[in-house]
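With the hints as a guide, dock the two chains, each given alone in a separate frame, to form the complex.
Here is how the chains run, residue by residue.
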Amino acid sequence: MPEFSTEPFFEIARRLEVRGETGWLAVLSPATDSTAALDELQTELQSVLQKLTRVIQLEASTFEKLRDTLHQPDDDAVILSGGAGLTPEKWRTLDIMRSALERKGPVILWLAPDDIANLANLAPNIRSLIGGSIFVAGPDGGIMTETERQYRLKQLSEHFGLTGEEVVRKAEARELPHDPEFVEWLVLLDRGDLV
Amino acid sequence: MTLERARQRAVTLDSQIDRQLAEHRLDSPANVFSEIRAYLLRRADEMTTRNDPYQLLKFRREQGFEVIVLGPQFDKGPTPQHFHFDSGARLSFGLTLREAERGSQVVSFRYHYAFPDERSPQYLRFDLNDGPHTDPLAEPRCHLHPGIEDVRIPFSVHNPIEILDRIFFVLERAT
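Chains as they are written, first to last, in the working numbering: chain A, 1 to 195; chain B, 1 to 175.
In isolation and in its complexed conformation, chain B is listed as follows (with noise of 0.2 angstroms):
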């Protein structure tokens, strides 16, 4: 039981979510645009707190790529660009589709879940990154900081939506 084979076995998960990437189809990047924002609608719909996702959610299409955000890429305090909850918590999040036969692929995300001032922690972060880390033990290619930067836990929902479900019916319900 050493720190060798620790590594080894995070070697091995992210050979695993590589694998599991590869084999993951979404819709075409406009469908899965569209999915989510009527997405956001229907949650917003069901809030006190007002979001107008129609102008919250943006899209860039390049070279075969398109990137789909919601508010700053960092987390600085709350903006009228985030995603508000009634709890007060907030949500940011940026991902990156590449189109594919019969749709798209997840290149990468990050969905950034603020959690209301003085809560402990502070926020929840997935991530997904494009590549692996050369100390994929510290680092998996898809991760959950649970609040603190350098720490790195891994986990495996690779749909937008279902991570959107663990946010509005997960996270913000036990807020």
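Next up, chain A with everything else stripped away, as it sits in the complex (with noise of 0.2 angstroms):
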């Protein structure tokens, strides 16, 4: 398989934005936990580009159908989610759709990383359409680490003046101011049980 950048699914968003939202792009899902991993792409994409967008199964869907669907509407965005179950029949249907397919909003092919080979040799119309903008789905970043976990806890005790299990303690006995800073420190203590 050639390289690909890897891009978080918030990058591949902005991109499409800076594009003028149309256009099709491909996406390698991650070989675990791809549903998740497909719902944070649809996430991001209405986020950034502030468009409705849909997800269409490929496999589930005839030439007809997915025609319809595609152009009603014809400028939101769509995710077409290949599954690695496509068969090469539909594979070749697709491609010879091409021009059916072309319309206002973007497109997004979200293939598991196996399917690239079967999109440069069934589907070599919509391969070129895709043209370089292939991406590897990436780490969406945000995540807090532990070092940044551990530095607002620690902000957080210096401030007040108590420890971790202090505030744990006048959480349990209902002692706990409610200012914001607060609740934030028992979440981050893995404590929003006693928010």
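Treat each hint with caution, since some may be false.
Derived DSBU-like pairs: lysine-lysine, alpha-carbon spacing no greater than 30 angstroms straight-line [unchecked claim]: (1) A:Lys170 / B:Lys76; (2) A:Lys51 / A:Lys90; (3) A:Lys170 / A:Lys154; (4) B:Lys76 / A:Lys154.
Just so you know, the hints here were simulated from the structure itself, not pulled from any lab data.
The structure is reproduced here in structure tokens:
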């Protein structure tokens, strides 16, 4: 498999935005937890593009149904989810449909890593439509690291002159003030149950 | 027109805030995080001062709660972790959401907008506490600090994006 750029979904959405929100690109899903990843991609596209983003399962779509779905409406964002079960026949049908698939809004082809060979071999027209815009789903960022969590806990402890244990005890005794900093403190201690 | 009546009115106001919060639904925590990041990125694109919301904005999910933070919890001067405005002002914030049916609910927040040096007031801070204070007249559950720690003015905006709207399109433009 050729080397493709690994990008977080947020960056992929930004690329579409810069491009004017049209055109095709392909995203290779992670090997594990691809359903959750697909949800994340949909969320990021909606947030960045400020457009409704639909997921369409290719496996379950007939030619007519897919064409109609893509054009009603034709200006939102669509993720075409390939899935590992896409047969060679389905790939070829998709390729023949290329002009019928053209639309105003962007199309994102969501593929399993192994499907890239099928895209090249069985759907050369779609492959050329996508061009170099093939990305590997990368970590989406934003997750607080353990170092960052510990730093924030230390800042809270120093500011209020309390240890984490004391904060938990006060929360259990319902003696903790309601300030937002204490809420963050409890959640960072994994004691959201005391909020 | 006694102090006692003023306190009763403050209790009533806090009760209204409680009801509004209970009815107010946001998208899922993941969607809210994504929406805030996209919002900040769009604002950053419009500015001269460089900010990288992708690096600045962080979240942690635990047991049905999500903390979304940008910058330090306590503003003790500018840091690279703040969001910096062209005016010289800076922003830090933290917000906690609780997963709920069909989305999430706001539990608490703190948005600290520090004006440029030498400006008065030095800052405005929008706070939502996770419960009522024993004296809601002195500390309404949802309040604004007008640059004075011990002064808290009630307000009632609960959507994270709407607060950012006020900061970017009202405060920053007046700074």
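Hints broken by the structure, by number, lowest first? none
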